[in-house]
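**Student:** Single-letter residue listing:
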Amino acid sequence: MYKQGFYKETDRMIDLIADNYPMLLVTNRFGINLGFGDKTIGEVCRMNGVDAFTFITLVNFLSEETSVLSEVVCSKLSIETLVMYLHNAHDYFLNFRLPHIRRKLIDAISDCPEDVAFVIRRYFDEYAAEVDKHMNYEERTVFTYVQSLLNGKKDPKYNISIFRKHHDQIEMKITELKNILIRFYPGKSSHLLNSVLFDIFTTEEDLASHTRVEDFLFIPTVLAFEKTLA
Amino acid sequence: MVAYLKIAIAETSIMLRCGLENMLKHLPGLHIQIIDIGHNDILLEALKLHKPDILIINPLMPGFANTSVGQLRDETGLLQLKCIALLAAIVPDELVKQFDDYISLYHDFDEIKQKLEALLHAPDEEEPDEDETQNLSSREKEIVICVVKGMTNREIADRLCISAHTVITHRRNIARKLQIHTASGLTIYAIVNKLVELSEISVKSEE
Numbered sequence: 001m002y003k004q005g006f007y008k009e010t011d012r013m014i015d016l017i018a019d020n021y022p023m024l025l026v027t028n029r030f031g032i033n034l035g036f037g038d039k040t041i042g043e044v045c046r047m048n049g050v051d052a053f054t055f056i057t058l059v060n061f062l063s064e065e066t067s068v069l070s071e072v073v074c075s076k077l078s079i080e081t082l083v084m085y086l087h088n089a090h091d092y093f094l095n096f097r098l099p100h101i102r103r104k105l106i107d108a109i110s111d112c113p114e115d116v117a118f119v120i121r122r123y124f125d126e127y128a129a130e131v132d133k134h135m136n137y138e139e140r141t142v143f144t145y146v147q148s149l150l151n152g153k154k155d156p157k158y159n160i161s162i163f164r165k166h167h168d169q170i171e172m173k174i175t176e177l178k179n180i181l182i183r184f185y186p187g188k189s190s191h192l193l194n195s196v197l198f199d200i201f202t203t204e205e206d207l208a209s210h211t212r213v214e215d216f217l218f219i220p221t222v223l224a225f226e227k228t229l230a
Numbered sequence: 231m232v233a234y235l236k237i238a239i240a241e242t243s244i245m246l247r248c249g250l251e252n253m254l255k256h257l258p259g260l261h262i263q264i265i266d267i268g269h270n271d272i273l274l275e276a277l278k279l280h281k282p283d284i285l286i287i288n289p290l291m292p293g294f295a296n297t298s299v300g301q302l303r304d305e306t307g308l309l310q311l312k313c314i315a316l317l318a319a320i321v322p323d324e325l326v327k328q329f330d331d332y333i334s335l336y337h338d339f340d341e342i343k344q345k346l347e348a349l350l351h352a353p354d355e356e357e358p359d360e361d362e363t364q365n366l367s368s369r370e371k372e373i374v375i376c377v378v379k380g381m382t383n384r385e386i387a388d389r390l391c392i393s394a395h396t397v398i399t400h401r402r403n404i405a406r407k408l409q410i411h412t413a414s415g416l417t418i419y420a421i422v423n424k425l426v427e428l429s430e431i432s433v434k435s436e437e
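Chains as they are written, first to last, in our numbering: chain A, 1 to 230; chain B, 231 to 437.
FYI, nobody ran anything at the bench for these hints, they're computed from the structure.
For clarity, every value in this text was computed on a predicted model and none was experimentally measured.
Glycine included, C-beta positions come from ideal geometry on N, C-alpha and C.
Among these hints, one or two may not hold up.
Negatives, chain A to chain B, calculated, CB over 12 Å [stated by the list, open to error]:
1. T40
2. N48
3. F53
4. S70
5. D91
6. Y92
7. P113
8. D115
9. F143
10. L150
11. L177
12. H191
13. N194
Cut-off 30 Å, straight-line C-alpha distance, at most; resulting in silico cross-link-like pairs (DSS-like, lysine-lysine) [to be verified]:
14. A:K157 with B:K278
15. A:K227 with B:K278
16. A:K188 with B:K424
17. A:K178 with B:K343
18. B:K379 with A:K165
19. B:K278 with A:K133
20. A:K178 with B:K327
21. B:K379 with A:K133
22. A:K188 with B:K343
23. A:K173 with B:K312
24. A:K173 with B:K379
25. A:K178 with B:K379
26. B:K379 with A:K104
27. B:K424 with A:K178
28. A:K133 with B:K281
29. B:K371 with A:K178
30. A:K104 with B:K424
31. A:K173 with B:K278
32. B:K327 with B:K371
33. B:K236 with A:K76
34. B:K371 with A:K227
35. B:K236 with A:K178
36. B:K407 with A:K178
37. B:K407 with A:K104
38. A:K173 with B:K407
39. B:K327 with A:K173
40. A:K76 with B:K312
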């Protein structure tokens, strides 16, 4: 378990990371560079042009599991910052994490029978295609909509509630692959395969919390903003 | 078998909330997501938003005391919501009776786990033949083969001379035994266990 807590702008960034190392993924997605020494979270945010309130809210949201944010909090969040965060997360999953797991996985299963390796690879590729489709919809439709909303233009045919209704989890299938490998993998276990499984475990958690941010932080924030334009 | 559960804890004392949360997270075989509710003000909103399977609530929570469990289910639309009373003090029996069960401060891990499991498997649990997990019957294996070859439930029913309804029941049992819910997942299982040849399935998938 990671340490839970309410971080404040005046806490040191290094303490946040040391308490909870997956926060490195978060700082990365906000475009915050390493090398911040002993600076506080607020200082580091300002140095990197990141809205500190949004950063802190998201960090506390992620480390805490409480997921009900009041409308007052939502109205103070920066939508631009959230979109940047989500966009960078998509880029990370699609262009780094999944291809990286694929390469390692193929390597790890190279000594099991060719037909088994084939169906495992196919399973993974189908999954990656699904994630791609899911995230690309958000990039093209949702973020484009939100961008024009920020420019003061409402879309008569689209609103964030449409997205809210059909937004699904996306980690189920990779969880299933992991379980199949653990329960039924016919080859020898290896350090590499273990390492792939570790990667899948963390990716699973990362995807689940990504969905949580979209459902309980991003969507309510856009909803609140839609109301101000009404 | 790992069960996924969403549990909301409504209690004003952060110490109690965290303590219970910590215990729940350490229960083996249960994968629990916690929704933390510290005030009655956000109770309804949080329940509607997260739709938990179980609510563990202190019946004496300020603001909640006059609400009945039935009212809560109606107002949130969560008619299946299981409600457990969290007893941190002596509470009149009348108040506790309306809950599905209760947890007191001195219950240990096993007792809490038993209570959760009893609630989950409560009335309409379907044929619990848990013992023979993982081992598929020969009929189930036939069905796996058909699914992997891309046949629809109707086609499988015709092929095996059973009703489509029976096919669905078999598929549900297969999914439960193997913990595999997708056709691509079953394909891996079928190939690993040599139920089918790769040549029999890759042709179909090109269509």
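**Student:** Next step is simple, just say for each hint if it's right about the structure.
**Tutor:** The hints, checked one at a time:
1. T40: 25 Å, holds
2. N48: 30 Å, holds
3. F53: Given a closest Cβ separation of 20 Å, the condition holds.
4. S70: 8 Å, violated
5. D91: For A:D91, whose nearest Cβ neighbour in chain B is about 26 Å away, the distance exceeds 12 Å, so it holds.
6. Y92: A:Y92 is indeed farther than 12 Å from all Cβ atoms of chain B, at 23 Å.
7. P113: 8 Å, violated
8. D115: Given that some Cβ of chain B is not farther than 12 Å from that of A:D115, nearest at about 4 Å, it is violated.
9. F143: 23 Å, holds
10. L150: 25 Å, holds
11. L177: About 7 Å separates A:L177 from the closest Cβ of chain B, which leaves it inside 12 Å; violated.
12. H191: 21 Å, holds
13. N194: Per Cβ check, A:N194 is outside 12 Å of chain B; nearest 19 Å; holds.
14. A:K157 with B:K278: 26 Å, holds
15. A:K227 with B:K278: Holds. A:K227 to B:K278 sits at ~20 Å (cutoff 30 Å).
16. A:K188 with B:K424: 18 Å, holds
17. A:K178 with B:K343: Holds - the C-alpha atoms of B:K343 and A:K178 are around 26 Å apart, at most 30 Å.
18. B:K379 with A:K165: This hinted pair is violated, its Cα atoms lying about 33 Å apart.
19. B:K278 with A:K133: 29 Å, holds
20. A:K178 with B:K327: Given pair A:K178, B:K327 is violated - Cα atoms ~43 Å apart, limit 30 Å.
21. B:K379 with A:K133: Holds, because 25 Å separates the two Cα atoms, which is no more than 30 Å.
22. A:K188 with B:K343: 35 Å, violated
23. A:K173 with B:K312: Given that 30 Å is the threshold and the Cα spacing comes to 28 Å, the pair holds.
24. A:K173 with B:K379: OK: A:K173 and B:K379 at ~20 Å, within 30 Å.
25. A:K178 with B:K379: 23 Å, holds
26. B:K379 with A:K104: 29 Å, holds
27. B:K424 with A:K178: Roughly 20 Å between the alpha carbons, so the hint for B:K424 and A:K178 holds.
28. A:K133 with B:K281: Roughly 27 Å between the alpha carbons, so the hint for A:K133 and B:K281 holds.
29. B:K371 with A:K178: 22 Å, holds
30. A:K104 with B:K424: Between A:K104 and B:K424 the Cα gap is close to 25 Å, so the pair holds against 30 Å.
31. A:K173 with B:K278: The hint holds at about 26 Å.
32. B:K327 with B:K371: With Cα atoms ~47 Å apart, B:K327 and B:K371 exceed 30 Å; violated.
33. B:K236 with A:K76: 29 Å, holds
34. B:K371 with A:K227: 55 Å, violated
35. B:K236 with A:K178: 22 Å, holds
36. B:K407 with A:K178: 16 Å, holds
37. B:K407 with A:K104: 29 Å, holds
38. A:K173 with B:K407: Roughly 17 Å between the alpha carbons, so the hint for A:K173 and B:K407 holds.
39. B:K327 with A:K173: Not OK: B:K327 and A:K173 at ~41 Å, beyond 30 Å, violated.
40. A:K76 with B:K312: The hint is violated at about 35 Å.
The earlier numbered hints that this structure contradicts are 4, 7, 8, 11, 18, 20, 22, 32, 34, 39, 40.
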